[in-house]
Amino acid sequence: MMEALLAVEGVSFAYGRERVLREVSFSVNEQESFCLIGPNGGGKSTLLKLLLGMLKPSDGTISVLGKSPLKARREIGYVPQFMHYDPHFPVTVADVVLLGALEKSHFHPFPRWSRELRERAQHSLRQVDLAGCERLPFRELSGGQRQRVLIARALMTQPRILLLDEPTANVDLAVETQLMDTLTSLQEQMTVIMVTHDMGLVPQIGSRALCVNRRAHWHELPLAPEMIQDIYSGGQRIEHNEATLHSQGDHSACSHD
Amino acid sequence: MTEFLESVRLNPALQYALIAGIIACVPFGVVGSFLVVRRIGYIAAAIAHSILGGIGAAIYFSRSYEAMAWFTPLLGATLAALLSALLIGFVSLRFREREDTLIGAIWATGMAAGLLFLHKAPGTGVSLESFLFGDILLTSRSDVWVTAIASALILLVVVLFYPRLIAVCFDPEFSDLRGVSSTRYYLLLLVLTAIAMVLLVRLAGIVLSLALLILPAATAARVFQRMTPIILGASFLSFAYLLVCFPLSYHQDLPTGPVIVVAASLVYGLTLLVTRRRGA
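The listed protein sequences derive, respectively, from chains A and B.
For what it's worth, numbering that gives the first Met the number 0 labels the leading residue of the first sequence as 0, then goes sequentially.
For what it's worth, numbering that gives the first Met the number 0 labels the leading residue of the second sequence as 0, then goes sequentially.
Treat each hint with caution, since some may be false.
[To be verified] Here are the simulated DMTMM-like cross-link-like pairs (lysine to aspartate or glutamate), alpha carbons at most 25 Å apart as the crow flies:
| hint | chain 1 | residue 1 | chain 2 | residue 2 |
| --- | --- | --- | --- | --- |
| 1 | A | K66 | B | E172 |
| 2 | A | K70 | A | D128 |
| 3 | A | K66 | B | D175 |
| 4 | A | K48 | B | E172 |
| 5 | A | K103 | B | E96 |
| 6 | A | K70 | B | E96 |
| 7 | A | K55 | B | E2 |
| 8 | A | K48 | B | E96 |
| 9 | A | K55 | B | D134 |
| 10 | A | K55 | A | E115 |
| 11 | A | K70 | A | E133 |
[Stated by the list, open to error] If you want the footprint, here are the derived chain A segments under chain B, 3+ residues with CB under 8 Å:
| hint | segment |
| --- | --- |
| 12 | 76–83 |
| 13 | 89–96 |
These are calculated hints, taken from the structure and not from any lab test.
Glycine included, every Cβ here is placed at the ideal spot set by N, Cα and C.
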């Protein structure tokens with residue numbers, strides 16, 4: 000029997016008395032990429048933290064690659080949101096990527112990383128089209144380039160799942176297109192899970208999207224034509240509009256309370 | 000210069016101060032660089048001021064009670080520095096919004112406790128000025144040993160955990176995900192800061208200590224783009240300031256600490272003008 004890649008069963012979570020997620024259940028098969036969408040405060044980030052084992056559910060079980068999230072961490076590549084790291088920190092591109100190889104049980108005392116790790120870092124940078132940029136200072140890169148470096152860092156552990164938290168939040172449209180090309184090609188090698196506010200990007204990742212608003216519900220893609228027209232009219236990106244999204248398709252089970 | 004060298008030859012305190020200063024350049028460069036890139040210089044300042052509390056307590060208790068003669072000012076300073084470092088670290092990680100209040104409280108309470116203890120300490124009066132501004136003519140052979148051991152300890156820890164310290168300073172969340180506890184290594188960094196401050200307060204006094212740690216590193220951080228060159232640059236600058244300002248201050252009959260701080264500020268200001276880059 001094929002093991003589900005992600006199996007979330009009746010998961011609830013509350014910060015203190017505030018319930019953020021309520022009986023969330025879904026499962027994902029190997030190689031199935033998808034976007035995590037939903038309004039702000041709907042619980043997307045919380046779900047992400049639960050999948051990464053940074054938070055523990057107050058109810059229910061989560062299994063990632065057949066293991067607990069904590070044990071599966073090594074096989075999940077994580078690309079954090081823009082504000083979570085220090086963009087002015089004095090490191091080079093290679094320094095950042097190599098930090099992806101950091102492990103609890105392995106020491107890499109100053110000054111050198113092993114040859115194998117340095118080669119793997121070069122390979123990761125090739126995967127995100129940044130070959131030859133190893134020596135550039137990270138703080139002088141553009142927003143889009145930084146995102147790719149962070150993707151390369153996440154690829155250092157050769158993960159089976161790549162989790163990205165709003166990777167396009169801080170980049171312009173042209174850069175966004177490049178970033179999405181990179182992610183599209185990575186989808187062939189691993190499961191890509193992307194949290195996004197940008198409805199225009201949803202159809203590019205997988206064949207369905209998971210909408211999280213206290214509960215979770217799958218939306219089959221492509222989204223209805225009028226919806227897409229909405230998104231592309233004027234070539235502008237639009238923020239996720241709950242009303243628009245739920246005006247089409249079957250959302251009987253998608254409770255937004 | 001010959002005159003200075005002759006004085007150094009004849010005056011052991013000058014020799015000790017010079018040797019201790021030279022030894023400490025590298026660990027100060029290391030700790031200063033981490034403080035600058037992590038932007039937590041103000042924590043080091045609070046630690047420095049809390050040290051007076053520890054020194055005061057040690058002098059008071061060791062003079063008041065014979066059984067407590069083992070409680071030396073160095074021990075008091077180290078305990079106070081470690082305690083305040085861990086306290087600030089814990090609060091800044093758990094209750095971020097209260098961090099500045101706590102830092103202010105530790106800063107002032109450390110000084111106040113120190114003044115009270117020193118006021119009530121039996122025996123001849125203690126020169127408060129030497130704690131506040133340092134007095135290199137009081138440097139002894141044991142200071143050299145303490146500096147050497149503490150410097151070796153700081154360097155050993157940083158060499159062993161270098162990539163981890165960089166990782167938790169750059170992106171603590173990601174470090175946690177990789178199983179490298181950002182809390183633990185942040186506290187380790189503060190402990191190293193506490194040790195460096197104890198050394199620096201002994202050599203240069205409380206008031207000037209922070210500038211001596213921060214200015215060379217901040218200057219290097221304007222010029223270089225990676226941690227290792229920043230650390231080496233900061234260490235080299237500290238060494239250069241010492242080598243230039245020590246004889247200069249001696250020759251002009253000026254206190255050494257302030258001469259170094261003024262020189263370091265001037266170089267930092269010039270660097271700011273020359274390198275108008277973002278960051279650091």
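Right, here's what the structure says about each hint:
1. For the proposed pair K66(A) and E172(B), the alpha carbon gap of about 22 Å is at most 25 Å, so the pair holds.
2. Distance hint between K70(A) and D128(A) is unfulfilled; the C-alpha atoms sit about 30 Å from each other, more than 25 Å.
3. Straight-line distance between C-alpha atoms of K66(A) and D175(B) comes to about 19 Å, which keeps the hinted pair within the 25 Å bound.
4. Between K48(A) and E172(B) the alpha-carbon distance is near 11 Å, which keeps this suggested pair within the 25 Å criterion.
5. For the suggested pair K103(A) and E96(B), the alpha carbons sit about 30 Å apart, so the restraint of at most 25 Å is broken.
6. Taking the CA atoms of K70(A) and E96(B), the gap is about 33 Å. The hint is violated against a cut of 25 Å.
7. Proposed proximity of K55(A) and E2(B) is contradicted: the alpha carbons are some 70 Å apart, above 25 Å.
8. Restraint check for K48(A) and E96(B): the C-alpha separation of about 23 Å stays at or below 25 Å, so the hint holds.
9. Distance check on the hinted pair: K55(A) and D134(B) sit about 55 Å apart at the alpha-carbon level, beyond 25 Å; violated.
10. Distance hint between K55(A) and E115(A) is unfulfilled; the C-alpha atoms sit about 35 Å from each other, more than 25 Å.
11. A distance of roughly 31 Å separates the Cα atoms of K70(A) and E133(A); the hinted pair therefore is violated under the 25 Å criterion.
12. Proximity of the segment 76–83 of chain A to chain B, defined as three or more residues with a beta carbon under 8 Å from a beta carbon of that chain, is established by the 3 residues found.
13. Proximity of the segment 89–96 of chain A to chain B, defined as three or more residues with a beta carbon under 8 Å from a beta carbon of that chain, is established by the 5 residues found.
The earlier numbered hints that this structure contradicts are 2, 5, 6, 7, 9, 10, 11.
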